[in-house]
Every structure is written in C-alpha cells, then in structure tokens.
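Undergrad: Work the whole structure out from these sequences, hints included.
For the protein sequence lines, the chains are A and B, in the order given. The numbering used here puts the last residue of the first sequence at 154; the count rises by one with no breaks. The numbering used here puts the last residue of the second sequence at 157; the count rises by one with no breaks.
Hints listed in this document are in silico derivations from the structure and should not be mistaken for laboratory results. No residue lacks a Cβ here, since even glycine has one placed at the ideal position from N, Cα and C. Certain hints may be false.
[Said to hold, decoys possible] Sample of chain B residues facing chain A (criterion: CB under 7 Å; computed from the structure):
#1 Asn16
#2 His19
#3 Ala27
#4 Asn31
#5 Asn93
#6 Gly94
Chain residues, written in single-letter form:
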Amino acid sequence: MPPTLTFRLLSKCRASTRRGIGFLEGHGELNAGAIFETFTGTVEREFRSSMDQWLDGANGPSRRFHNFKSDKDHRNCFVFKHKQHRLYGFLCHPKYWDNSFQLCSLCIYATKNEFESDRAELDRVEQWCHNLGAGGTISRIYIPPQPRGPTWKN
Amino acid sequence: MEKLKNVAHWTDTTINFTHRIAADFLAQVENKIEQGDIKRSELAERLGRSPGRVSQMFNAGNITLQSAVRLARAACMKVALVAYDDGDPENQNGPINSEIFYQCWRQIGSPETFFELAELSEPIEHIGWLHEAGNRGVEIDSKGFQKSAINRAPPIN
Numbered sequence: 001m002p003p004t005l006t007f008r009l010l011s012k013c014r015a016s017t018r019r020g021i022g023f024l025e026g027h028g029e030l031n032a033g034a035i036f037e038t039f040t041g042t043v044e045r046e047f048r049s050s051m052d053q054w055l056d057g058a059n060g061p062s063r064r065f066h067n068f069k070s071d072k073d074h075r076n077c078f079v080f081k082h083k084q085h086r087l088y089g090f091l092c093h094p095k096y097w098d099n100s101f102q103l104c105s106l107c108i109y110a111t112k113n114e115f116e117s118d119r120a121e122l123d124r125v126e127q128w129c130h131n132l133g134a135g136g137t138i139s140r141i142y143i144p145p146q147p148r149g150p151t152w153k154n
Numbered sequence: 001m002e003k004l005k006n007v008a009h010w011t012d013t014t015i016n017f018t019h020r021i022a023a024d025f026l027a028q029v030e031n032k033i034e035q036g037d038i039k040r041s042e043l044a045e046r047l048g049r050s051p052g053r054v055s056q057m058f059n060a061g062n063i064t065l066q067s068a069v070r071l072a073r074a075a076c077m078k079v080a081l082v083a084y085d086d087g088d089p090e091n092q093n094g095p096i097n098s099e100i101f102y103q104c105w106r107q108i109g110s111p112e113t114f115f116e117l118a119e120l121s122e123p124i125e126h127i128g129w130l131h132e133a134g135n136r137g138v139e140i141d142s143k144g145f146q147k148s149a150i151n152r153a154p155p156i157n
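TA: Structure below.
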C-alpha cells in the first residue's frame, strides 16, 4: 500500500501571504517534522529565528539558510542550518492562483559536519519535490478563493 | 486548511523573544560579512579576540547589549534599541525584523535628527500624491540622498 503523505504548516509563526513553511510527512525518510518537534532550547530558538527571517522575506545570511539555485540538479532544494543540524526541503508555489506565494516544504533532517551539503540528501529532497503525491498533498491544504458574485442587486 | 490564527507566537516568552531579536541583529552583521563589506579576520582584529571567540559572539543566546554594541562597532555599524507598537499587544505575530526598521530609515533618507525627519517626511507625502495621480514612481534627490517613497527597498540578502 502506498504511504499516506501528510503536510502540516509550521505553527507558532507569523502568518504570511508571501511565504510559508511546513513539513511533509508520512514516509520513513520524511523525518524533518518529527525531529524538529524534538528540538528544545537554543536549537529550537535558532531554527525558529531563521524560519521567521525567511518568512519575513529575508534571503540570508546563508550561514543560517539558503537555496541551491546555482546547483542545476538541486534548484528546488532549500536548507535551514544550525551547527551540525540540517533541515532539508524544497521550495514550491502551491497556490495556482497566487504564484507569488512560496512554500518551503521541509522533508529530511540530517546531521552534517562537512562544509558541503550532502548531495544524497539533496537528491532525495529533489525526488520528493517532483513526487505527484506530495504535490497533491501540499496543494490540498490551500483552498482557492471563491469567485465573487455580484455585489449589487439588479 | 490548517489555521495558524489565535496560536501564540513562539516568542511569547521573554527568553524566546530576546533570542529572536538577537538573531535578527546578528543576521544583519552576518549579511555585512557575507556581502564582503568586512572580513571575519578584520572583525576579530578590531575586537582583539581570536576568530573562535568571535564566532562565539554570533550565538544569539550569549549576546548582551554591550557585546552587541562592540560587535556592531567592530563591523563599522551602530545599534539602536527600538521600542514600537505594531498593534499586536498579545504578540501573536512576533517581533518586526530589525532589518525592516533599518531599510525604512534608509528609504526615508537616513535622518539623524527629528528636524531632518520632519523635512524629509513632507516631500514624501507630496510624492505620494504624484504617485497616485500619475501611477508611476518618482524619485527625488535631497541632501545628497537618493530617495524614493514609492520604490521598495532592495531585497535583503
């Protein structure tokens, strides 16, 4: 039986019409959400601070988070970092009616000690980015606006 | 659809709020380093500390007002402690990023006194009228500052 994927938005953060962060879950390797929930103290604060900054529209500092636009094989990937902790995900535009909205869907947690990101993790994230089931799961949480009826009576 | 409304922001405790605003401040200094305006080695030299000790200063949990001032001055910057009312008394949205205050200050023309602020505020209201009438951006240059009341600030890097 195929895994039942789920997606949940990051809680306790500012609601934004331009950017969002959430966790893709429901498969053995989609551990970012579960690991994030175990973070406490400084580690949680560091990640949440970085996530707030990205949600507010910042695109750096890259020591905290960055995309992989210059890597042609992992253009959609994104990472939040603190010390050896890495939360890998991908960026997407789940609102077909609002392409300016960008979502960071976090997928995989890894620990990292080398300078370069682990390409194996990025490969897996990129696969989830193109997974149709994942795309459907994510887009289902966003409800398109209802078309407006006439505001006057004939 | 999941709703995030009516859930306390994670910065609802003083320690979390303090960490967040410290992280915002440190991100401003880190961005200056990443943009190449200053090297970490120069920072260490100005602070009279080893690079390792300087790295410890970039821990938002360790920072004090004094160390923030020392770090900013070493990076050829200054620090302001800004109190503001953003209409969110329950703090459901968390703090406003310090870089937003900085960008706003620069956009208005970097006033250094209330007199300059008053002088700079007036023409910007006027530009607003022009903008609405002409539906286009208008830029003025006053006191050597390139200002625009309409164009948004460049993206934060």
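Undergrad: Quick check on B/His19 please, does its C-beta sit within 7 Å of some C-beta on chain A?
TA: holds (4 Å)
Undergrad: Taking the closest Cβ pair, is B/Asn16 under 7 Å from chain A?
TA: holds (6 Å)
Undergrad: Could you check if B/Asn93 really has its C-beta closer than 7 Å to a C-beta on chain A?
TA: holds (5 Å)
Undergrad: For the hint on B/Asn31, does the least C-beta distance to chain A fall short of 7 Å?
TA: holds (5 Å)
Undergrad: Any CB of chain A closer than 7 Å to the CB of B/Ala27?
TA: holds (5 Å)
Undergrad: Hint check: is the beta carbon of B/Gly94 less than 7 Å from a beta carbon of chain A?
TA: holds (5 Å)
Every hint, counting from the list given before, is met by this structure.
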